[in-house]
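Construct all of the structure, not just a fragment, from the sequences and the given hints.
Listed here are the chains, written in short residue letters.
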Amino acid sequence: MATVEVKELRKSFDDVETLHGISFSIPDGSFVALVGPSGCGKSTILRLIAGLEEITSGDIHIGGNLINDIEPKNRNIAMVFQNYALYPHLTVAKNMGFSLKLLKKSKAEIERAVKEAAEILGIGELLHRLPKQLSGGQRQRVAMGRAIVRQPQVFLFDEPLSNLDAKLRVQMRAELKELHRRLATTTIYVTHDQIEAMTMADIVVVMRDGHVEQVGRPLELYDNPVNQFVAGFIGSPAMNFFSVRTDAGSDEMVLSDGQRLLKPTHAALDGSYIIGIRPEHIRLDGNGASFEAFIQSSEQTGSETLLQARLADQEITILLRERFDTSLGDAHKFLVDSAAIQVFDTKTGVRVEP
Amino acid sequence: MSAKARVRRTNFMLDIALFIICILLLTPLILLIANGFKTPQEMLVWPPTLFPKDPTLQNFQKVFTETPLLRWMFNSFAFAILSTVAIVSTSALAGYIIGKFPFRSVNVIFVLFLATAIIPFEVYMIPLYFQVKALGFLNSIGGLLVGYLVMSFGIFLIRQNVIASIPDELLEAARIDGGGELWIFWHVVLPLLRGPLAALAVLAFFQAWTAFAWPIVVTTRKTSFTIEVGLANFQSAYTIDLSLLSAASAAVMVPSVIAFVLLRRNFVEGIAASGMKE
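Just so you know, the sequences run in chain order A and B. Note that the working numbering gives residue 171 to position 171 of the first sequence, counting from 1, and the numbers run on in steps of one. In the working numbering, each residue carries its 1-based index in the second sequence increased by 1000.
To be clear, the hints were calculated from the coordinates, so they are not data collected in a lab. Incorrect hints may appear among the rest.
[Unchecked claim] No more than 20 Å apart at the CA atoms, straight line, and that leaves these computed lysine to aspartate or glutamate pairs for DMTMM-like:
no.: 1; chain 1: A; residue 1: Lys-101; chain 2: B; residue 2: Asp-1015
no.: 2; chain 1: A; residue 1: Lys-73; chain 2: B; residue 2: Asp-1168
no.: 3; chain 1: A; residue 1: Lys-132; chain 2: B; residue 2: Glu-1169
no.: 4; chain 1: A; residue 1: Lys-132; chain 2: B; residue 2: Glu-1042
no.: 5; chain 1: B; residue 1: Lys-1062; chain 2: B; residue 2: Glu-1042
no.: 6; chain 1: A; residue 1: Lys-94; chain 2: A; residue 2: Glu-109
no.: 7; chain 1: A; residue 1: Lys-73; chain 2: B; residue 2: Asp-1241
no.: 8; chain 1: B; residue 1: Lys-1100; chain 2: A; residue 2: Glu-119
no.: 9; chain 1: A; residue 1: Lys-333; chain 2: A; residue 2: Asp-257
no.: 10; chain 1: A; residue 1: Lys-94; chain 2: B; residue 2: Glu-1169
no.: 11; chain 1: A; residue 1: Lys-94; chain 2: A; residue 2: Glu-119
no.: 12; chain 1: B; residue 1: Lys-1100; chain 2: A; residue 2: Glu-54
The structure presented is a predicted model; accordingly, all values stated were derived computationally and were not measured.
Set out below in C-alpha cells:
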C-alpha cells in the first residue's frame, strides 16, 4: 500500500507531446479511475507509472519514493492488461506464481500464495488448466490473481473489463470493488467507460487530450463539473446542451427557437451561454414555465421511459421515471427544474459558478 | 444414385488417383534399394527387375569396406546437426529482436538480411572459399558450417511468428513480473515459438544434409567428404559403378528416413501453427 504522486508529467512520442503536464495525487489505499475518451492519454499515464514507457519530464512518486528511473520490476506494482496477457504455455498456477518464482521464493511459499489468491478469486479448481481452456471471465480472474499474489503497493488496471460481455462486466465490477475493499491496496484503474469509473472509484480523474480536466469524487463530478466537457462526459444518458440568450434584467433565458426557460435563480447572467440539462431533470409538465418538444423516439424499460425529442432544432434526451404513452411526432410540454440547469461559458466551456 | 453412393464413388476415385501417384513416387526408391542388392550383370538387364533374382549383399560389403561411408555419414550428420542448432538459435534470437524491437537501425539490418536471400549462393561461393582457406578451415566441419550458420528465411519466418503470436503485453507483463530480457526470451518467447522453430529445424537439417555445391568446394580429402560428395565420387569421368552407388545410396537413406519419420509431426505442426492465429 502506498500513495501515488504524479507531478507535471509530460510524455512525447517522436516530438509529439501526448501528455501536457499531468498532476494528481492518490491517497493511500484509494481506488482511482482515470477516465476519458480514447486517445486522451490515460493508458499512457498508467504505462508511465508501470515503467513500460520512459518519462519525458516530470516526476512520479510511489510511497514517497521517486521512481522515474526505477525498472518496472522494482517498482512493486502489478498490472492487469486489457487482453489479460497470460502466459499461454503455463498453467494457471504457474501464471500466478511466475513473479514469485522470479523473486526466488521457495516452492511451498509460492504454492501457499497462489492458493490463497485463487481462493479469494474463486478459481481454486482451475489451477492446473491452461489459459486457452478458460472462459473470458476466468482469464480475467487469473490475471487479477497474478497481480494479487505479488502483494504489490499499487494495482494498475488497463481497461480490464472491456473484453467481457455486458453481464459479466457488471458482475466483475462488483467483484473488483469487493476485492479492493478486502485488500485495501492503492488502485489505479483506466477506463473509457464513465459508468465503470463512477461506480467503482473513490476518486475519478477525467482527462481529455493529454490534460486533466477535473479530479473529484464521482458525485462531485456529476453535480459540479468544472466545464462542459466533464458535464457531457459524466452521466448516462449524457447531458443535453443548448445555446441561450439572456440579459441581466430578465429572469428568463431564450432558446434559439424562441422558447423560454426560467433562469437558475442564483446566477446573474447576461449575454449568450450554453446551458446543460441532465435528462433526468426534465419532467412532464405540471404548472410553471415549460417548453414544448416533439417526440422522435421512445424507449420503455418498464420502470423508466427514455425519450428522444426535438427542441430548438436539436435532439434532447429525456429520462422519465414513469410510464409514458406517446406516439412519434407528438408535441409535449416538459418542465425543467431551473435549479438543476448548469450554465457554461460559450467560448471557453467553463462552468459559470452559481 | 444416392448421395452416399456418390460420396463413396468419389472417395474410391481419389484412392485410385492417390495410389497411382504413390506408385510413381515410390518406384524409383524401390528400384534404388533393389539395385543395391543386384549383381552387376542384373543391373544392366532390360526391362529392369523390381526384385533382384539373385540378391547379394556384396555391394553393401564393398561399399562399407572400400569407402569411408560411415565416416561420410558422420560428417554429414555432424554438419547438419550443428547447422540446425546454429540456424535455429540465430533465427530465434534475430527474429525475436527484429519482431519486437523495431528501431530504425534494426529495420535496416532486417532489410539487409532479406537482401542476402536474393543473391545466389554460387555468386559468393568462391570468395567465401578463399576466406575459409585463409582461415585454415578447409576439410573441416567448421569450414562446411561457414555458409550454414544463418538462414535469412529462418529469421523472416520467426519474425512473422513473433509478430503474429506474441503480443507486446505478454512481454510487458513479464517485465513487471520481474524477468530480465534474456530470461523473458528463454522462458516466455522460446516456449511460444516451439512450433515454428521445430519446422525451421527440419528445414535447416535437410538443407545441410542435402547440400552439395559448398561441401564439394571446401572438402578435398576423402575422409572429410559429406555423404552427398561421397556419393558423387562413385561417378568418375569415365565410369559409374551403378551397383555400388545404389547400395551406398540405399544405406544413406536409412538415417534420413528415420529423421523424417521422427520429425514429421513437428514439421506438420509447425506449418499448421505458423499458418493460423489463435
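Worksheet item: Are the Cα positions of Lys-73(A) and Asp-1241(B) separated by 20 Å at most?
Response: violated, 68 Å
Worksheet entry | 20 Å Cα cutoff - pair Lys-1100(B), Glu-54(A) | holds, 17 Å
Practice prompt. Below or equal to 20 Å on CA atoms is what counts here, so check Lys-1100(B) against Glu-119(A).
Written response: violated, 36 Å
Worksheet item: Between Lys-132(A) and Glu-1169(B), is the straight-line Cα distance small enough, at 20 Å or below?
Response: holds, 17 Å
Discussion item. Next pair to validate is Lys-132(A) with Glu-1042(B); report whether the Cα-Cα distance is within 20 Å.
Written reply: Violated - the C-alpha atoms of Glu-1042(B) and Lys-132(A) are around 61 Å apart, more than 20 Å.
Discussion item. Given the hinted pair Lys-94(A) and Glu-119(A), is their Cα-Cα distance within 20 Å?
Written reply: Judged against 20 Å, a Cα distance of about 15 Å means the pair holds.
Discussion item. Between the alpha carbons of Lys-94(A) and Glu-1169(B), is the straight-line distance 20 Å or under?
Written reply: holds, 18 Å
Discussion item. Can you confirm whether the C-alpha distance between Lys-94(A) and Glu-109(A) stays at or below 20 Å?
Written reply: Answer holds: Lys-94(A) to Glu-109(A) is near 13 Å, not above 20 Å.
Fill in: Agreement of Lys-101(A) and Asp-1015(B) with the hint, judged by alpha carbon distance not exceeding 20 Å
violated, 55 Å
Worksheet item: Between Lys-333(A) and Asp-257(A), is the straight-line Cα distance small enough, at 20 Å or below?
Response: Between Lys-333(A) and Asp-257(A) the Cα gap is close to 15 Å, so the pair holds against 20 Å.
Worksheet item: Holds or violated: are the alpha carbons of Lys-73(A) and Asp-1168(B) at most 20 Å from each other?
Response: Status holds; Cα separation ~16 Å.
Practice prompt. Quickly compare the C-alpha distance for Lys-1062(B) and Glu-1042(B) to 20 Å and report which way the hint goes.
Written response: With Cα atoms ~17 Å apart, Lys-1062(B) and Glu-1042(B) stay inside 20 Å; holds.
Checked against the numbered hints above, the structure breaks hints 1, 4, 7, 8 and satisfies the rest.
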